[in-house]
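Participant: Line by line, the protein sequences are chains Y and F. Each residue of the first sequence is one higher than the one before, starting from -2 at the first, in the working numbering. Each residue of the second sequence is one higher than the one before, starting from 137 at the first, in the working numbering.
If you are wondering where the hints come from, they were derived from the structure by calculation, not from laboratory data. If you're wondering where the values come from, they're calculated on a predicted model, not measured in any experiment. Treat the hints loosely; a few may be bogus.
[To be verified] Listed below are the simulated DMTMM-like cross-link pairs for lysine to aspartate or glutamate, each with C-alpha atoms no more than 25 Å apart in a straight line:
hint : chain 1 : residue 1 : chain 2 : residue 2
1    : F       : Lys152    : Y       : Asp103
2    : Y       : Lys101    : F       : Asp223
3    : Y       : Lys108    : F       : Asp223
4    : F       : Lys152    : Y       : Glu99
5    : Y       : Lys48     : Y       : Glu128
6    : Y       : Lys33     : Y       : Glu74
7    : Y       : Lys33     : F       : Asp304
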Amino acid sequence: MRGIDLEVQAGEVFAFLGPNGAGKTTTVEILEGYRKRSGGEVTVLGEDPEKAGREWRERIGIVLQSGRLDPYLTVRESLGLYAGYYRAPRPIDEVIALIGLEQKADVRASKLSGGQQRRLDVGMALVGDPELLFLDEPTTGFDPSARRQAWDAIAGLRELGKTVFLTTHYMDEAQRLADRVTIIADGEIVARGTPEDLGDRESQPATIRYREGEREVSVETTTLVQTLHELTGAALARGEDLDGLEVTRPSLEDVYLELTAPPEEASVAEDGPAGEAPK
Amino acid sequence: MSSLALVAHQFRYDQKAFWRNPAAVFFTVMFPVVVFLILAVVFDGSTVAVDGGVEATTYYVPAIMALSVISATMQTLAMTLVIAREDGRLKRGRGTPMPAWVFIAGRIGNSIVVAVLMLALLAAIGGALYSVPFPWSHLPELLLTLVVGAASFCCLGIALTAAIPSQDAAAPIVNALLLPLYFLSGIFIPEDELPGGVIDFANHFPVRPFFEAFFSAYVPGAGNAIAWHELTVVGIWGVAGLLLAIRFFRWTPRSG
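The task is simple: from the sequences and hints, build the whole structure.
Facilitator: Set out below in structure tokens:
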């Protein structure tokens, strides 16, 4: 990784978005103090994570990418075990309500569904009442209903005023949960902004498609209104229809895929000389 | 919480998880009792030619006690720590303010309590069914042997986790090490049936000296109730295990 320059504000949900292998987990593990960095400066809650101690750990919560739970402890017991590690834990019943597991409070972790286990995982990171919460790919491998459950739990964190650092490879997840998004690909930051203005979609070329007899016609334009007016005007003048007319703008997903495409593909798309592809 | 209260807190939850884990309870509690009963039934009435002749049923009480202590410490720790490590549970715990040593102390406490319970259980069974007397007059020697053995085998179990790459490999590796040593050390087969060379070989490993020390304390014949030489061998293995554990123990999963 190189040139990773991030700043996360207190109280915001920050999404670190990128494909698998882009360097998200490496980055988050450096911020969590699990991994030593080879260079650069990192300050989390005013301290260098490599040197931070117990006091600092009182103020952060971590949900790992693949963290299973003790299968033999119940929801309440798992939270109780972790509550004991902190000086001023949040009341356990309150945490159970936050993660919506009231009905499962006395059920062992092994008997919970995937989505429920993930919510308990989030609860264990919350029980110490941290200021900053790290969530590493919280919904990878989930079915849609489990994802929805996990999202609701994460959305609830915003209301608690927590700062959340979220990594994900799902555009829709970042869009739905985050105040600000930074996109990483191949160890480098390729875009940053709010989910709305990410990738500057308004100024991206739109595509007009229609059929002319058997032929599919596709026109890319940055001056959509004018081009559309010319096309439809010409068709009306000929007394013809434009079959299957549709206008599409790039979706967030398109922007994301283009930004994170491997270097060779990106250079072809830009029509750049192949030899100058960024390495 | 003070550090001691924190260890007690961790220990309390480790106990809960241990007694609810069917595999741990079977191998640590049921298995030694079943093995003792089978051996006692098969060899009842015969004597083992050691210390001028000891009844086989008496011989097997300290033998299976030694096995139980090793099972509760080395085997349980190696298995449960590897599973917790690969589950990411050790890594998660390291992300909290809990000091690492508290976690390890809780687990060791759990192992030692289970080991002591097994001694009491086997002593009660041996006494009730085969009138094997409990050596009350040698309680200090017995406890010293237990403490040195339990501590050493805990260190060896924690060190062994470094050699186990995955959850699936935990049981095969632990058993491949311990089962042959149990046979070669006179724990399953009475030692007067084993060729002298086998015992000499087994004396270099920690199981045989621990069993011998335990036997001396439990069945005090003419000899010394504290087998200093044997306890030293066990202790050296323990210190080696401790150094290896400090150097090679890891908190993060090795697979994935």
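Participant: If a hint holds in the structure, say so; if it doesn't, say that too.
Facilitator: Hint by hint, here is what the structure shows:
no. : hint                    : in the structure
1   : Lys152(F) <-> Asp103(Y) : 14 Å, holds
2   : Lys101(Y) <-> Asp223(F) : 22 Å, holds
3   : Lys108(Y) <-> Asp223(F) : 16 Å, holds
4   : Lys152(F) <-> Glu99(Y)  : 22 Å, holds
5   : Lys48(Y) <-> Glu128(Y)  : 19 Å, holds
6   : Lys33(Y) <-> Glu74(Y)   : 33 Å, violated
7   : Lys33(Y) <-> Asp304(F)  : 30 Å, violated
Violated hints, listed in ascending order, are 6 and 7; each of the other numbered hints is respected by the structure.
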